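Q: Below, each chain spelled out in residue letters.
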Amino acid sequence: MSKLVGFSIAALFVLVVANGPPAQEQQTFKSAWTATPVSGEGQPRGYVQFQDYCAACHGEGQDKPGTLALGAKYKGAEPAMLEKRTDLTPQLIKLYVRNGITVMPFFRKTEISDADLGAIAAYLTRNNKPQ
Amino acid sequence: MKVPPGVSPTDFAAALAQFEQAVGKEWVFTSDEDVALYRDAYSPFIGEPDEIVASAAVAPDTVEQVQQVVKIANNYKVPIYTISTGKNLGYGGSAPVLSGSVVLDLKRMNRILEVNENNAYALVEPGVTYFDLYRYIQEKGLKLWIDVPDPGWGSPVGNSLDRGGGYLMAQYRNHFDSHCGMEIVLANGEIIRTGMGAMPGAKTWQEYKTGFGPWVDGIFSQSNFGVVTKMGFWLMPEPDAYLSGIVYVARRDDLIPLIETLNYLENTRVTNGMPDLGSPLLHIPMISEIAEWNEGNGPAPPDAELAGLLAKGEGGLSPDLEQYALKNGIAYWSCKLSFYGAEKANAANWEFAQEKFSKISGVKFVQKENYKLPLTPEQREKVHKPQFGIPSLTMFSIGARSPVNPNPTNGHMWFSPIIPRTGEAIFEANRVFAEAAKEFNVPALSFSLPSTYWERAFIYIFAFPVTRDEDTNKKNRAAFKRIVQRAAEHGWGEYRTAPAFQSVIMDTYAYNNHALLRFHETLKDAVDPNGILSAGRYGIWPKHLREAKA
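Protein chains in written order, with this note's numbering: chain X, 1 to 131; chain G, 1001 to 1550.
These are calculated hints, taken from the structure and not from any lab test. As the structure is a prediction and not an experimental result, all values here were calculated from the model. All residues carry an ideal CB built from backbone N, CA and C; glycine is no exception. Among these hints, one or two may not hold up.
[Stated by the list, open to error] Once the Cα atoms are required to be at most 27 Å apart in a straight line, the calculated BS3-like pairs of lysine-lysine come out as:
hint	chain 1	residue 1	chain 2	residue 2
1	X	K30	G	K1025
2	G	K1438	X	K30
3	G	K1143	X	K30
[Unchecked claim] Ranges between beta-carbon positions, derived for each pair:
hint	chain 1	residue 1	chain 2	residue 2	range
4	X	P44	G	R1456	17 to 27 Å
5	X	G118	G	E1351	52 to 62 Å
6	X	R126	G	L1516	52 to 62 Å
7	G	P1299	X	L88	51 to 61 Å
8	X	G118	G	T1010	34 to 44 Å
9	X	P44	G	R1546	35 to 45 Å
Isolated chain X, as found in the complex (with noise of 0.2 Å):
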C-alpha cells in the first residue's frame, strides 16, 4: 500500500511539472504613446523618441490635437508639425516638455527620461540654420 501511494504522489509529481504553470514571458516594454512602432533605421538621433512620445498629437493630421492646436495657434506663420519646424532650441522644447503649456502636461522623467528628451530636442533641431 505504502508503495503504491509512493508511486501515485511520484506520479503527481510528474503531472504536476509536466502541466505547470505556463512561463511567463516578464516582457519589458520601452512604454510609448503610440500604436504601431516605427524603426529609427536610417533616421536621425531622436526620430524614434519623438514618434514614441510625440507623434500621437504632433504627427502628420488633422486628428493630433498638438498639430491641431499650433495650427490654429500660426495660422501658417509657422508649421504646424514639429517636425518641419526649423526655429526650435533645445532648451524651448526642454521647457515644453518639463512645463506643459495649455492642455499638456509635464512629462516625469519616468516617462521621458533626460537622455530621451535629449534625443527629441537633438531630433527637433536638426534642420534649424546655423546661427
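Following the hints, position chain G against chain X.
A: Chain G in isolation, oriented as in the chain X frame:
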C-alpha cells in the same frame, strides 16, 4: 525640500537614504525640479499656496522593491501616494491627495506578464499603458482587442482602480468589472493575491474572479488599502464584423421612448456596443463625431433663426425649437447603435432594433459603418479608434487650441454625476445644472447629453475649466462644490473626482450618518494602522489625520 507632515527632517532623510538603497539613487527624486513633475498638471489650485504637492518621489522597478519601500515608509511613518502611469488628468494626475506625501511612482513596472489568446485575458503590471498592451498584442499577431479609455497613455491597472471606462462591448467597458485577479502589497509589506490567486499554483487566476470566501477586490479600487502590483483583465476577442446605424427622432419628447427602447435593446444584448447620443438640432455631436467637428468638418453653424432660438431656448428646450426642427427636417436627437459580432447577426440585430424604434412616429434610420474586421488601413484612419480597441490621444483635441476653440484652458476638473438612464432624467439634470450654473455665476452649461459607458445608468461628464488665474479657479472651485451638493439633493452622486473634491463628494454618500465612510475608516485603521498609504484618497483619511482635522 518639503518634509512630509508629522515626519521629522531626520527621519525623512533616513527614509530617503533607505529608499535609495532599495531602488537605486537615480530613482529617488528629491530636487525641486524633479518633484515639480509630480504636480497635478490640471490642479484647480495650481500655483496657489494650497496646491497639493509631493515632497519626493520614489520609483521602484519590482514588487520586491515596492515591498521594501512600503516597509521603510511604514517604519518611519512617511506618507506615500501610489500612482501607476500618472496620466489621470482631470482626476488628479500624478499628484498626491495629502500634501507632502512621497509619490510611489510605479511607471517603471511595465511588464506584460501574460497574454492568453485562447481565453482572452492579460496579466500586467501598473506601469503598462494601453498603448504598450496594444503594441504587444499587435506584435504577437494575437486576435485580441483591448478596451481603451479615450486617452490611451494611461494604465489599465490605474484606470480600472479609478473605475474608468471605455468603448467596446458592454462587459468590457467598465474597466474594474472586467478585471480578474489582483496582487497587492499591504502597508506592512506583505503580498496578497485575490480570487483564485490566493491558491498557490492556481491555474485560473485570470479566468475566475471570485475565488473562495469574501471577494475583496472592490476595496482596493478608489481607496488606499494597499498597493496593487499586478492585475488581470479580460480582453475582447476580435469580432467578425462591426456595424453601426443611427436612429433620428424629430421631437423633444421622443427622447423618452428613444432611451426606453435603447435600454431594452442593450439589456437584451441586441446592441452590444456603446450607444452614442447627439442632437443635430442643438449642435451636440455624438462622441464619434467630436474629432471631425473640432477639425472644422462639422455641420454648418446654425442660421440666424436657429441661433436666436438656441439663445433663448431655455436649456435647449422650447416649442419654437421643436417647430424649427420639424419645419426644416432636422432631427432633435440622434443615437448611434454599434454591433460587434458575426456579420449576418449584426445585420439582423440592426433590423430588429429598427423594428423596435419604429413605434416612435417619424423615426428615421441611417446605416453607417459596416466593416469586416480587422479594419483596413483606410477604415482605421476614419474611425473613432477606441471603438475598435485602438489607443489614441485624439480626444485631447477637445481641450486643445483648435479652429473651434481659439482660447484653450490649462486643463479641467471633471464633474461627473451618475443619473438614471431615462429621457426624463436627462431633462431634469439639464434644468437643474443650468439653474445651478446661473445661480453660482459660472458659464451656463449648455444643454448636454450624457455618456453611455455604463449599462444601467447615464453619466454626465462636465469639464470645469482650470486656468492660470487664481480668482477664476477659486470661483470655479466654489461652484464645483456647490453643484456637487445640488446634485446630491437630487439623488445624483459623482462616480470619480479630483483630489481637491474627494472628501466633499464622499461626504454626500452620507446614508445613516456616513455609515459607509465609517466602515471604510475602520478598514483603513485595521490594514494600515500608521496611515502611510495614499492618505485622503477618495476621502478616506487615516486615524491620526482624522483626529487632527476634528
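Q: Could you tell me which of the hints above the structure violates, numbers in ascending order?
A: Violated hints (numbers, rising): 2, 4, 7, 9; every other hint is consistent with the structure.
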